[in-house]
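*Asks:* Chains as they are written, first to last, in my numbering: chain H, 1 to 214; chain V, 1 to 403.
A portion of the hints provided could be inaccurate.
DSS-like, lysine-lysine: derived pairs with alpha carbons at most 27 Å apart [to be verified]:
(1) V:Lys38 with H:Lys165
(2) V:Lys281 with V:Lys231
(3) V:Lys250 with V:Lys231
(4) V:Lys208 with V:Lys103
(5) V:Lys281 with V:Lys216
(6) V:Lys273 with V:Lys231
(7) V:Lys116 with V:Lys175
(8) V:Lys116 with H:Lys165
(9) H:Lys165 with V:Lys121
Covered stretches of chain H, going by a simulated chain V footprint (3 or more residues, C-beta under 8 Å) [what the hints assert, rightly or not]:
(10) 39–49
(11) 142–153
What follows is a set of in silico ranges between Cβ atoms, one per label pair, in the way DEER data are often shown [what the hints assert, rightly or not]:
(12) H:Gly72 with V:Ala319: 34 to 44 Å
(13) H:Asp69 with V:Pro373: 26 to 36 Å
(14) H:Arg54 with V:Ala112: 20 to 30 Å
(15) V:Gly372 with H:Ala169: 27 to 37 Å
(16) H:Glu61 with V:Tyr67: 48 to 58 Å
(17) H:His43 with V:Lys280: 47 to 57 Å
(18) V:Asp374 with H:Thr125: 49 to 59 Å
(19) H:Glu61 with V:Ala319: 58 to 68 Å
(20) V:Asp125 with H:Lys165: 27 to 37 Å
(21) V:Gly66 with H:Arg141: 23 to 33 Å
(22) H:Ala169 with V:Pro373: 27 to 37 Å
(23) H:Thr42 with V:Thr235: 43 to 53 Å
(24) V:Thr272 with H:His43: 20 to 30 Å
(25) V:Ala111 with H:Thr125: 21 to 31 Å
Since the hints were derived computationally from the structure, they do not count as laboratory data. Here the structure is a predicted model, which is why all the values come from computation and not from measurement. Quick reminder that beta carbons are idealized off the backbone N, C-alpha and C, glycines included.
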Amino acid sequence: MRGGRQLASLVLVAALLLAAAPRPARAHDAPQRAGAARLLSTHPSLGVIGRAPRFTLGDPEGRPVSLTDLAGRIVLLAFIYTSCPSACPLVTQRMAVLQRRLTAAGLFPSRVNFVSVTVDPDRDTTETLARYAKGFGADPRGWKFLRDASDALRPMLAAWDEWTKPLPAGEIDHPARLYLIDGAGRVREIYSLSLFDERQAFLDIRALLVQPGP
Amino acid sequence: MRRRTLSLALLAVIATASVAVAEVCLSPYVKRLAAPEKYLYVYSVDADAKDNDFLAVIDVNLASPGYGRVINTVDLGSAGNEPHHMGFTDDRTKIWAGTLLSKRLFILEVAADPAKPRIVKTIDDVSALTGLHGPHTYYALPGRMLLTFLSSADGAPPGGLAEFTNDGQLIRVFKNPDNAPYAYDVAVKPEINRMITSSFTPLRNYMKPLAQWDMKDGGNTMLVWDFKERKVIQTLVTDPVPLEVRWSLKPGATHGWTNSALGDSIWFFAQTKAGSFTAKKAADLGKGCLPADLRQSPDDRYLYVSCFMRSEIQAWDVARPDRPRLHDTVVPGVSPNMMHVTMDGKRMYVTNSLLSTMDYSGNFWVRLVHIGPDGRLKMDPFFDVDFTKLPTGPARAHDMLLY
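Kindly generate the complete structure, drawing on both the sequences and the hints.
*Replies:* If you want it as structure tokens, here you go:
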């Protein structure tokens with residue numbers, strides 16, 4: 001409860017900060033909603049982008065979680081950090097909306113799982129991640145928030161081409177991507193944090209379930 | 001109560017999130033610059049093909065003692081490639097740079113030291129990999145690059161599209177349809193799940209001197225794609241050779257423009273309420289212009305057209321998007337071609353080589369146009385980088401990127 005309030009306060013502060021004058025964009029800016037009606041695709045073409053690099057990281061309880069543990073399920077993988085003032089909480093919120101929709105469709109957590117990996121393990125302790133997950137209503141049965149010590153995490157981030165660069169005021173610049181991984185452990189779609197639309201992601205997941213691909 | 005508070009807070013963020021300051025004409029997926037540019041990369045052809053082609057790095061940091069000079073060149077290791085266009089990956093750490101006469105494609109790392117890019121991968125035979133030849137546009141998608149190709153591997157139509165991972169692994173290929181086989185540029189409007197491609201001419205034509213070109217061996221179509229499905233859903237007919245695809249930058253806008261090189265015209269395309277697209281001629285640029293490049297101001301108020309044959313740059317006021325009005329012109333020198341407008345819309349860098357087979361001037365340069373708050377164009381009298389008298393002799397300066 002207290003964590004949720006703190007998170008809400010954080011997001012409100014972010015809103016005030018973002019209301020300031022326009023600033024140059026970074027690798028991960030806040031998601032945009034266009035004024036035009038979004039056209040969604042019910043038959044997306046999801047090519048095999050490549051094999052998803054394997055990893056084993058710790059969940060907030062300290063238990064190891066491997067990507068291979070989730071084989072057979074579709075996985076949505078995001079890279080975030082909890083003190084991020086804009087894009088990360090907004091994307092996490094959209095993932096929460098997607099989680100609710102998938103749950104209602106009977107797909108979560110049995111057939112679809114989420115993984116959020118912090119790129120800021122020094123500040124994102126297991127307790128911080130647990131509080132963050134709870135604040136967004138993450139269902140721990142199917143949505144894992146993972147971390148590891150910096151040295152151990154570095155090879156995993158490199159394998160996913162997820163560089164980090166500290167910015168003034170404690171922000172971290174990093175490639176703003178989410179990955180959709182099929183049941184065979186292959187990357188089938190990559191989303192931009194700034195243009196992520198959970199409605200299209202739902203359709204993509206459904207397409208992968210109907211036609212797992214080659 | 002807690003969840004309601006959180007939702008309200010998130011709504012506040014969404015409502016107040018600042019729109020990123022756009023660097024004009026790049027893919028919307030490319031990370032933007034966080035500060036004014038310091039380096040200008042110029043992709044260059046060694047004019048007599050006796051020395052290797054290269055990427056030049058020009059210092060454009062006003063505070064630097066090296067301002068306005070070539071401070072580094074990256075040797076591509078071979079000559080006669082016809083370096084042409086290039087593009088950043090989504091995270092702006094790499095530049096993809098291909099060639100129009102050879103089959104080589106280079107991936108350069110720029111983030112570690114932007115003053116000293118280095119080649120991290122060379123694809124020696126991109127045609128063997130894709131079945132296509134002549135990569136033209138390098139368009140960033142999240143974690144991937146989408147490339148247009150002007151021809152099939154044999155130098156004839158159809159051209160097509162190929163997607164790669166950022167580190168150069170081929171993902172898939174889409175060839176142009178039989179009824180619209182010519183390819184050139186691509187631009188995506190993710191908000192409406194639409195992608196548009198345009199059409200030029202294939203290798204079998206552009207490899208010859210201009211006087212020998214078959215002017216009928218080129219496209220007059222733009223293809224509208226369902227972006228997520230990677231499927232052509234509509235063919236738009238324009239004047240001959242529609243080149244650059246420029247979507248409006250205004251949030252919610254579903255229109256854009258292209259420049260017809262052989263029609264000397266600007267064409268306006270727009271989505272109708274029914275969802276389909278229409279295209280119509282919107283401006284006559286004057287006979288003999290040969291509009292080689294089309295750029296936008298960040299506020300979407302002006303279009304800039306380089307008239308390659310008439311040696312002027314035109315600024316068109318598009319306050320009424322389907323009725324451009326000529327606002328100003330400037331003469332930067334002979335045969336201006338590529339333009340690159342900065343993210344603040346105040347500066348435009350210009351080069352003057354189009355293709356080895358099309359250039360009619362033996363003098364090559366990179367110059368700077370200042371854009372006033374009133375949209376007026378003014379040449380910088382001091383910024384003039386001479387590419388005619390380099391240590392390796394004249395070099396044709398073509399595409400540019402900023403860092």
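*Asks:* With reference to the structure, classify each hint as holding or not holding.
*Replies:* Going through the hints against the structure:
The suggested pairing of lysine 38 (chain V) with lysine 165 (chain H) holds, with an alpha-carbon distance near 19 Å, which does not exceed 27 Å. Simply put, lysine 281 (chain V) and lysine 231 (chain V) have alpha-carbon atoms about 26 Å apart, close enough for the 27 Å limit, and the pair holds. In summary, the hint linking lysine 250 (chain V) to lysine 231 (chain V) is supported, as the alpha carbons are separated by about 25 Å, within the 27 Å threshold. Under the criterion of a C-alpha separation no larger than 27 Å, the hint pairing lysine 208 (chain V) with lysine 103 (chain V) is consistent with the structure, at around 17 Å.
For the hint pairing lysine 281 (chain V) with lysine 216 (chain V), the CA-to-CA distance comes to about 20 Å; that is within 27 Å, so the pair holds. Our distance criterion of 27 Å between C-alpha atoms is met by lysine 273 (chain V) and lysine 231 (chain V), whose separation comes to about 21 Å. Between lysine 116 (chain V) and lysine 175 (chain V), the direct Cα distance comes to roughly 36 Å. Violation of the 27 Å bound is thereby established for this hinted pair. Proposed proximity of lysine 116 (chain V) and lysine 165 (chain H) is supported: the alpha carbons are some 19 Å apart, at most 27 Å.
The hinted pair formed by lysine 165 (chain H) and lysine 121 (chain V) meets the criterion: a straight-line CA distance of about 24 Å does not exceed 27 Å. Beta-carbon proximity to chain V at under 8 Å applies to 9 residues in the segment 39–49 of chain H; the threshold of 3 is reached and the given coverage holds. Taking a C-beta to C-beta cut-off of 8 Å, the segment 142–153 of chain H contributes 0 residues in contact with chain V, too few for the three needed, and the coverage statement is violated. Range check, glycine 72 (chain H) to alanine 319 (chain V): Cβ separation about 56 Å, and the 34 to 44 Å hint is violated.
Between aspartate 69 (chain H) and proline 373 (chain V) the beta carbon distance is about 58 Å. The supplied range of 26 to 36 Å is therefore violated. Take arginine 54 (chain H) and alanine 112 (chain V): their Cβ atoms lie about 27 Å apart, and the range 20 to 30 Å holds. Under the hint 27 to 37 Å, the C-beta atoms of glycine 372 (chain V) and alanine 169 (chain H), about 34 Å apart, fit the expected range. Checked against the hint of 48 to 58 Å, the pair glutamate 61 (chain H) and tyrosine 67 (chain V) passes, with Cβ atoms roughly 56 Å apart.
Checked against the given bound of 47 to 57 Å, the beta carbons of histidine 43 (chain H) and lysine 280 (chain V), roughly 30 Å apart, lie outside it. The beta-carbon spacing between aspartate 374 (chain V) and threonine 125 (chain H), approximately 54 Å, falls within the hinted interval of 49 to 59 Å. Judged by the Cβ atoms, the range 58 to 68 Å given for glutamate 61 (chain H) and alanine 319 (chain V) holds: they are separated by roughly 59 Å. For the pair aspartate 125 (chain V) and lysine 165 (chain H), the beta carbons lie near 35 Å from each other, so the given range of 27 to 37 Å is met.
Here the CB-CB span from glycine 66 (chain V) to arginine 141 (chain H) is close to 59 Å, at odds with the stated 23 to 33 Å. A hinted range of 27 to 37 Å for the beta carbons of alanine 169 (chain H) and proline 373 (chain V) is consistent with their spacing of about 31 Å. Checked against the hint of 43 to 53 Å, the C-beta distance between threonine 42 (chain H) and threonine 235 (chain V) comes to roughly 23 Å, which is inconsistent with it. A hinted range of 20 to 30 Å for the beta carbons of threonine 272 (chain V) and histidine 43 (chain H) is consistent with their spacing of about 22 Å.
For the pair alanine 111 (chain V) and threonine 125 (chain H), the supplied restraint of 21 to 31 Å holds, since their beta-carbon distance comes to about 29 Å.
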